[in-house]
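Join the two chains, each given in its own frame, into one complex according to the hints.
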Amino acid sequence: MKILVCISKTPDTTAKIAFADNNTKFAADGVQWIINPYDEWYALVRAIELKEADPSTVIHLVTVGGADCDPIIRKALALGGDEAIRVNADSHDSFYIALQIADIAKKGSYDLVFTGKETIDYNGSSVGGMVAELLEMPYVSLATKFTLIGSEAEIVREIEGGEETDKVALPLVVSCQKGMAEQRIPNMKGIMGARSKPLNVVEPVAADTLTSIASFDLPPAKASVKLVSPDTPEELVRLLHEEAKVI
Amino acid sequence: MSVLIFLDQSEGQIKKSSLEAASYGAKVAQQLGTSAQAIVLGNITDDLATIGNYGIGKVHTINNDALNNMDAQVYAKLIAEVATSIGAKVIIFSNNFNGKAIAPRLSVRLKAGLVSGAVALPDTTNGFTVKKNVFSGKAFANVTINTDIKIIALNPNSFSITTTDAKAEVLPFATTADASKVQVISTDKVVGEIPLSEAEIVVSGGRGLKGPENWAMVTDLAKLLGAATACSRPVADSDWRPHHEHVGQTGLAIAPNLYFAIGISGAIQHLAGVNRSKVIVVINKDPEAPFFKAADYGIVGDAFEVMPKIIDAVKKLKGV
Ligand SMILES: Cc1cc2nc3c(=O)[nH]c(=O)nc-3n(C[C@H](O)[C@H](O)[C@H](O)COP(=O)(O)OP(=O)(O)OC[C@H]3O[C@@H](n4cnc5c(N)ncnc54)[C@H](O)[C@@H]3O)c2cc1C
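Protein chains in written order, with the working numbering: chain P, 1 to 247; chain V, 1001 to 1320.
Among the clues, some could well be false.
[As the list claims (entries may be wrong)] Here are a few chain P residues that sit away from chain V, every Cβ distance over 10 Å (derived from the structure): (1) D21; (2) S56; (3) R74; (4) D93; (5) S109; (6) G150; (7) M188; (8) R195; (9) V202; (10) K226.
[What the hints assert, rightly or not] Below, computed lysine-lysine pairings styled on DSBU-like, alpha-carbon distance capped at 30 Å: (11) P:K25 - P:K107; (12) V:K1077 - V:K1189; (13) P:K189 - P:K75; (14) P:K226 - V:K1309; (15) V:K1077 - P:K107; (16) P:K222 - P:K25; (17) V:K1027 - P:K222; (18) V:K1111 - P:K106; (19) V:K1181 - P:K106; (20) P:K197 - P:K145; (21) P:K245 - V:K1315; (22) V:K1077 - P:K2; (23) V:K1189 - V:K1278; (24) P:K75 - P:K145; (25) P:K145 - V:K1210; (26) V:K1293 - P:K25; (27) P:K245 - V:K1316; (28) P:K2 - P:K245; (29) P:K245 - V:K1077; (30) P:K226 - V:K1315; (31) V:K1181 - P:K226; (32) P:K226 - V:K1210; (33) P:K51 - V:K1181; (34) P:K167 - V:K1181; (35) V:K1189 - V:K1223; (36) P:K2 - V:K1181; (37) V:K1167 - V:K1077; (38) P:K75 - P:K51; (39) V:K1111 - V:K1027; (40) P:K16 - V:K1278.
Rather than coming from a laboratory, the hints here were simulated on the basis of the structure. Every value quoted in this text rests on a predicted model; they were computed, and no experiment measured them. Note that beta-carbon positions come from the ideal geometry of N, C-alpha and C, so glycine has one too.
So here's chain V without its partners, still in its complex pose (with noise of 0.2 Å):
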């Protein structure tokens, strides 16, 4: 018996969610008394024997250009495989974009059920059941798994990551991944900027800003804090801001240490993407706004006169 966790890679790099699922991992090992192993599928730049950093034992790779891109099907199969060759009984991923497409044929392979969106450690005291958000981040759900095999496809930004200086053994996997029926024309990656989903900081105006030209007070106050940019569904549907920074009950969901909203009114549907956050700051002209109770900090005021020294007083906080 083991647990299993699937590393996620981009560019030879480990995902900062995946280090978050091997926390996670090692600790429900810790709880069940066995040991945390990992895997990771294509050529990864990354020393992998700092995985252990994160309580994880033995790496499994397997080192195969063709599964430098993610394909569901066959990705599904290889960690298959490894899972039985190792006994795995309890298997993590993160629930990031590839985790959810990952972990369902997964479950269907090994007909192990699946909770996804897992926020907390197993309750393991009767059975095994897993705390995962329902109703878009509005309630909890307590999901029991019924079957020999468990698979936990974590929500990213909902586990402390903690590390010691242990050192993981790194063991190539033999196998032969099948061939890709999904040919990956191109890949388009925004440069330089930190992807949303695995921000810790999230800065996002609304509809209050009035237009795309005033988006630098969004902008400059991310840069001064290493924050991603977001924006609300109606800001996104009239192109000021691309669509992948809409966050929402139809956009991402969201859950960053600190999420910064300026001239956002709260709709309920906006909330549902974003009230996981930790620490919610409100910038809101009008003192009926109803983001304000959502909200751990917030000015009354008007983001045209606020901002500006919001942004100066970050400038001196951070001594540029």
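Excised from the complex, chain P in its bound form (with noise of 0.2 Å):
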């Protein structure tokens, strides 16, 4: 069995958001990188969790970016994961990240590929979905529970106000998010272990952006709160039905 887990670089949640150059370029000035929670909490580890159970399983981890992803990269491998690849292009068009994964994954001949369901910075939940379509393979997205049955895999993915059980044969694309697995922390044997594990760098295949962005906007300041006595609760009662008529 061989798994593909996308990883992708995002800013640490809790980094000051801000723009440079016009408003054209994400501030990255200072800003802590971590690998894209879904990416790791889920994906990731279940991909881990799949080799844990069985030996034999490959995972390959593949990111497009440029050398600033090798220390996310190389905690990927911390936590688990045999080698990796980095496409070194970088791009903000998800058709065009899609099409290097998938460029990938054919050559790879992978029987699943794991994605998170969105990234936390361009929050695209596309990417997914657009690897999936270049493979022609069927895509499971959202999904809180992945297991493997022989050739078949069982997913719970969430639908509105519930859940929907899947059965689908072998190879496919799915997305990740809570559920699936549990968070973990690298420890020394494999953050020792990762230094020596394959990181290739490949150059990107040509490919169409289909999308480019134009500039950033922050949103307007909010007015500051208004607070009403512990005493009077039934005041903001009052308020939300005739003022801010929301109830």
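Pasting the structure below:
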């Protein structure tokens, strides 16, 4: 069994969000970078659990990005994963990124491709579906549980107001979210071992970009809160009804 | 040329988020001086002519039992077929769970640029640029689509529905659907509750409520207001509440008209999932809780004392 896990680099969840160059670029100075939480906690850890259950499983990681991604790739390798591939390209266009990943996936003939449900920076939730279409494979999105039964997978996915359990034959693409696995901390052995695991850098294949970011905006500053005395909570209800008109 | 809106259904009924997409699509069509048409897959019990109320002229249907379950691969192929046959230049989805699965596949099939998480109408004065949420609601990006066909996935609760009495023409579309490779074994829905992603009012509780045994103040208020319930991450992690109620950066991102937060500190990761709410109310005993900086209304007080009085006042207001 071969699993490809897609890893993306994102700013830390507490990073200050600001823009530079006339609001055309994310101001990255001083920002801490992490593995996108959905990729790390759910996609990667679930893949590692599958390898623990069947040690013949091979896990490859793929990232599309510059050399500045290497630290987070090493961290992912420290958690698990056998080797990593970095496609040396920088893009914010989901189609361009998906095409690079699909190319790697085709060459490696994987049984499973895992992505996180979205990245916490550009919130596209698109790469998984695009990769699936490029590979002509089924796609189960927003998975909260993944069980392997022979050459089939039983997957629970979130739907509006509930969940659906699906059965799909491999190969397929799955986007992972909460429920799939529990966050892990890399241990010393993992960190040491990660240094000698292969991190292969490959050049991108030619691909179009279908979208481009023209500019960024920050939301307008919020007016200050209107406080109601704890002795008259009914006043809050009146304000919500008469002033805000939301109840 | 036309604008095509995908109407997502559940058990034969069109989802509210898709009606928002329909209203949005009708506005886009108006802006481009063209017609708005829709596509629905599977058996529908709703009277589809009423989709005209949302500004849609024609509704194309593919009425096939096999399409009652959403398989993104099968759906994307059919939507592409309809889009091509009517010459659709802009295709609109709700960025709901199904939209997130289908729109990216369609983007590849039609080689059409996709903006997911859109929050406003496109700016077509110079090219085609769509405002979307980025950094989990902490900022917006204006994204230009460079392809001839464009796909927009509209965030739920970010565009108001407008209606008229107009009726739509319902047109069965003749084609055959591929067999799905995804077999649905079961679906499990919380009955009688409003799905969190579609709720207009959300009442949410945090660790300040001390334990699951105290959740009546959340669920009672929610019931009175016709609201959905939510919680902070540690609450779901401790299994005080089900995981699907977890909102925030690593949970669900929501944008209700009213978000009522009780005993939640307002950590940056929590705010990332709720900061698009129109009105935020915070009940917290700590005046320094960061949530007050993001709130519209608040009470600095003990939830255990304040909430029963609020519930009584809402009962009075609702006449129950
Ligand atoms: C990478 C990452 C991702 C994360 N993602 C999320 C996410 O998606 N969603 C999320 O929610 N969190 C997330 N977190 C966790 C987040 O940082 C906070 O720890 C969490 O939101 C705190 O939950 P809380 O407000 O319920 O609990 P606490 O921080 O413990 O706050 C409890 C609050 O209740 C108040 N309180 C106590 N007693 C009372 C009372 N009697 N009456 C009124 N108020 C009272 C206290 O003053 C306090 O403000 C994430 C963290 C990280 C590092």
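Hints, verified against the model:
Distance check on P:D21: its Cβ is at least 14 Å (rounded) from any Cβ of chain V, clearing the 10 Å threshold; non-interface status holds. The Cβ of P:S56 lies farther than 10 Å from every Cβ of chain V, with a closest approach of about 25 Å, so its non-interface assignment holds. P:R74, annotated as away from the interface, keeps every beta carbon of chain V farther than 10 Å; the closest lies near 23 Å. Annotated as non-interface, P:D93 brings its C-beta within 10 Å of a C-beta of chain V; the closest such distance is 8 Å.
With a cut of 10 Å on Cβ distances, P:S109 stays outside the contact zone with chain V, its closest approach being about 18 Å. With a least beta-carbon separation of about 14 Å from chain V, P:G150 lies farther than 10 Å from that chain, consistent with its non-interface assignment. Every CB of chain V lies more than 10 Å from the CB of P:M188, the least distance being 26 Å, so the non-interface label holds. Against the 10 Å criterion, P:R195 stays outside the reach of chain V, whose nearest CB is about 29 Å from its own CB.
Against the 10 Å criterion, P:V202 stays outside the reach of chain V, whose nearest CB is about 21 Å from its own CB. For P:K226, the condition that its CB be more than 10 Å from all CB atoms of chain V is violated, with the nearest at approximately 5 Å. A hinted pair counts as satisfied when its Cα atoms are at most 30 Å apart, and P:K25 with P:K107 does not qualify at roughly 34 Å. For the hint pairing V:K1077 with V:K1189, the CA-to-CA distance comes to about 27 Å; that is within 30 Å, so the pair holds.
The suggested pairing of P:K189 with P:K75 holds, with an alpha-carbon distance near 12 Å, which does not exceed 30 Å. Only pairs whose Cα atoms come within 30 Å are accepted, and P:K226 paired with V:K1309 is accepted, the gap being roughly 19 Å. Distance check on the hinted pair: V:K1077 and P:K107 sit about 25 Å apart at the alpha-carbon level, within 30 Å; holds. Taking the CA atoms of P:K222 and P:K25, the gap is near 23 Å; set against the 30 Å cutoff, the hint holds.
A hinted pair counts as satisfied when its Cα atoms are at most 30 Å apart, and V:K1027 with P:K222 qualifies at roughly 29 Å. A hinted pair counts as satisfied when its Cα atoms are at most 30 Å apart, and V:K1111 with P:K106 qualifies at roughly 19 Å. Note on V:K1181 and P:K106: the hinted pairing holds, with a Cα-Cα distance of about 20 Å set against a maximum of 30 Å. Between P:K197 and P:K145 the alpha-carbon distance is near 29 Å, which keeps this suggested pair within the 30 Å criterion.
Between P:K245 and V:K1315, the direct Cα distance comes to roughly 16 Å. Compliance with the 30 Å bound is thereby established for this hinted pair. As the CA atoms of V:K1077 and P:K2 are separated by approximately 28 Å, the hinted pair is consistent with the 30 Å bound. Only pairs whose Cα atoms come within 30 Å are accepted, and V:K1189 paired with V:K1278 is accepted, the gap being roughly 27 Å. Taking the CA atoms of P:K75 and P:K145, the gap is near 24 Å; set against the 30 Å cutoff, the hint holds.
Taken as a hint, the P:K145 and V:K1210 pair is honoured in the structure, with Cα atoms around 29 Å apart against an allowance of 30 Å. Under the criterion of a C-alpha separation no larger than 30 Å, the hint pairing V:K1293 with P:K25 is consistent with the structure, at around 27 Å. About 16 Å separates the Cα atoms of P:K245 and V:K1316, which keeps this hinted pair within 30 Å; it holds. For a cut-off of 30 Å, the pair hint linking P:K2 to P:K245 is broken: about 55 Å separates their Cα positions.
Simply put, P:K245 and V:K1077 have alpha-carbon atoms about 44 Å apart, too far for the 30 Å limit, and the pair is violated. At roughly 23 Å between alpha-carbon atoms, P:K226 and V:K1315 fall within 30 Å of each other, so this suggested pair holds. The suggested pairing of V:K1181 with P:K226 is violated, with an alpha-carbon distance near 54 Å, which exceeds 30 Å. Simply put, P:K226 and V:K1210 have alpha-carbon atoms about 26 Å apart, close enough for the 30 Å limit, and the pair holds.
Simply put, P:K51 and V:K1181 have alpha-carbon atoms about 25 Å apart, close enough for the 30 Å limit, and the pair holds. For the suggested pair P:K167 and V:K1181, the alpha carbons sit about 9 Å apart, so the restraint of at most 30 Å is met. Proposed proximity of V:K1189 and V:K1223 is supported: the alpha carbons are some 18 Å apart, at most 30 Å. Distance restraint check for P:K2 and V:K1181: the Cα-Cα separation of roughly 20 Å lies within the 30 Å cut-off, and the hinted pair is therefore satisfied.
Note on V:K1167 and V:K1077: the hinted pairing holds, with a Cα-Cα distance of about 28 Å set against a maximum of 30 Å. For the proposed pair P:K75 and P:K51, the alpha carbon gap of about 18 Å is at most 30 Å, so the pair holds. As the CA atoms of V:K1111 and V:K1027 are separated by approximately 24 Å, the hinted pair is consistent with the 30 Å bound. Restraint check for P:K16 and V:K1278: the C-alpha separation of about 23 Å stays at or below 30 Å, so the hint holds.
Checked against the numbered hints above, the structure violates hints 4, 10, 11, 28, 29 and 31; every other hint is satisfied.
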